[in-house]
Each structure stands twice: as structure tokens, then as C-alpha cells.
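Enquirer: Protein chains in written order, with the working numbering: chain A, 1 to 142; chain B, 1 to 165.
Residues from chain A that face chain B, not an exhaustive set, calculated with beta carbons under 7 Å: (1) A38; (2) L71; (3) V90.
FYI, nobody ran anything at the bench for these hints, they're computed from the structure. Using N, Cα and C, we set each Cβ at its ideal position, and we do this for glycine too.
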Amino acid sequence: MSAGSPKLRARELAVGTSREQVVVETLSRTQIVMYAGASGDFNPIHHDEPFATGGAGYPSVFAHGMLTMGLTGRLLTDWLGDGVLRSFGVRFVRQVWPGDTLTARGTVTAVEADGRVAIELVTTNQRGEPVVAGEAVAQLPA
Amino acid sequence: MADFEFPVDRTAILNFAAALGETNPIYWDEEHAKATPLGGVIAPPTFAVASALWNPEAGLRGIRQIPARQVPPGEADAGRAGSRSGGGGSARLLHGEQRFEYHQPLRAGMRLRVSSRPGRSWEKEGKRGGKLRFRETITELRDEEGVLVVTATSVGIVTEKAVEG
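For reference, chain A alone in the conformation it holds in the complex:
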């Protein structure tokens, strides 16, 4: 496995070290549509307002869970570097609506001697409600 392009060494991190980043401000419908096109997920629940609010019974369209995960991934790559992740997983807790502002936060839960680092993740909306929660493992230089 490639060592990637790390931004820091594992020894610069400790259990409890955390980082927070606003990953989207006032999410636009345009960005949701861009994500539909780029990801190939054209479920109309994410872009077709009459479909979402009609029989489907939602207050409006909402973002793809994978858009929120992708935005959360920006915290990891901006913090740790490129090509250093070994795993990244999330649970989708709550929908993300147009107009939401999301803040991703990562907290180090383990630092191994070989440079392997475990991170706990939570992304919250402007009301402080979690929208995704998860974890990631990165391989950094020791």
C-alpha cells in the first residue's frame, strides 16, 4: 500500500486531539444536483421537490447521505493528507436539508506505534444535531 501524501506524523497526534471544520455553509439545491450528476444517484427524492413533498411526504428534497459523507471526508483529507486513509465508515443519523450548514469534527481515539491512527467522526448541522457519525483509520508516518 502506498504511503500516500501525509500532512503530519502520528506522533503529532494524541488520543483526544480533535479538529473541526465547516464543510458546507448553507447547502444549496445546486450542490445537491451537482452531486447527483457526479455520483450517478438520480433518486428524485434528492432533486425533485414535488416528488419529495408530494406522496413521498418529506418537507423538501434532502441531500444524498453520500454527499454528507463526502463532505465529512474533506475534514479527514484536509487534516491528515491524501491517500493515507485505510478505512472510513459512517452511519447516516439524520437527513441534511437545503440551507443546512455542516460542521465535521474528528477526534483521535488511538495512535499506534506504527503510525496507524483511529479517528471518531461526527458531523453536525447548525442546530448541533448529528447528521452522520462514524470512524476512520489512517496510516501516517510514525
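Based on these hints, arrange chain B on the given structure of chain A.
Expert: What follows is chain B alone, placed relative to chain A:
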């Protein structure tokens, strides 16, 4: 779920990175990327899902013709749209969890082979959405030599009624 090819081109990575509001040039600037230890343009961590654009079996996807909306707005039937495979929508199919394991960087220019298989499935009584059915799908993306690049595990949830966050 038949295997299919997913050729990774720079434009697809650029579009995906732009949709995430990315500012990191590793995703589009070849000169910058070549100067990093990675030696070239790579894709963002969640990019493997864009293989859907090349999946001939996926409903609502790229190379399959997008169907005209089968469910007019307000029609009572719309809530059952999720049960129609490849139909006009899936209001009741939610994405519950997603996990990626990374085996090597996903690079521009790769010609990936994508294969999916069902994983575990289980049921649970939900608080807000009635009975919930969980289905796991495991997708492997391999390079031309057959070496794993990314393993993606997705958990879909089929709900009985709309769930609001």
C-alpha cells in the same frame, strides 16, 4: 449483480470533487499531483460510489436511460415508489450506513472492474419508520491486474413510512 467496467477519468473526478466543494488540487491539477508522493491525480475517499454511472443494472443511473417520472406529484401511490426497481423513485429506500476500505489509491486513468454481492440482511422494529429491513451490499473495485483498490460496504434500509430527521 453482474460485474462491469468503471474507467476512471479526470473529468469524472473533477465533477465529483467540485460537487463536494473541494479546494484540494490533488483531484484535478496534474502538475501539482505529480509533485506529491502520490505522483498523480487521485480521487476523493468516497468516489467509488460514482461507479454507479457505469452500472447497467442500477436504476436511475447514467448509462441506463432515465425513465420519465412514473409518479405524478401528489398522487397517493408515490409513497410506494421505492418498491419499483429501476422506477421513478425510491422514497422508502434509505441509505443507513456506508463503509470503505482502501487498499491502494484510486487514480485517474485506472480501468476498474466492479463486482457486487449481497452481504448480511436483518430486520428491526423502528421507532419512526415502522418495520425496517436492512440489506448489506459489498462492492469490490479491482485494478486491471485484479488487485483490490477499494471495498465498499453499503447498508440499505427499506422503511414502511417516511422518516424525518
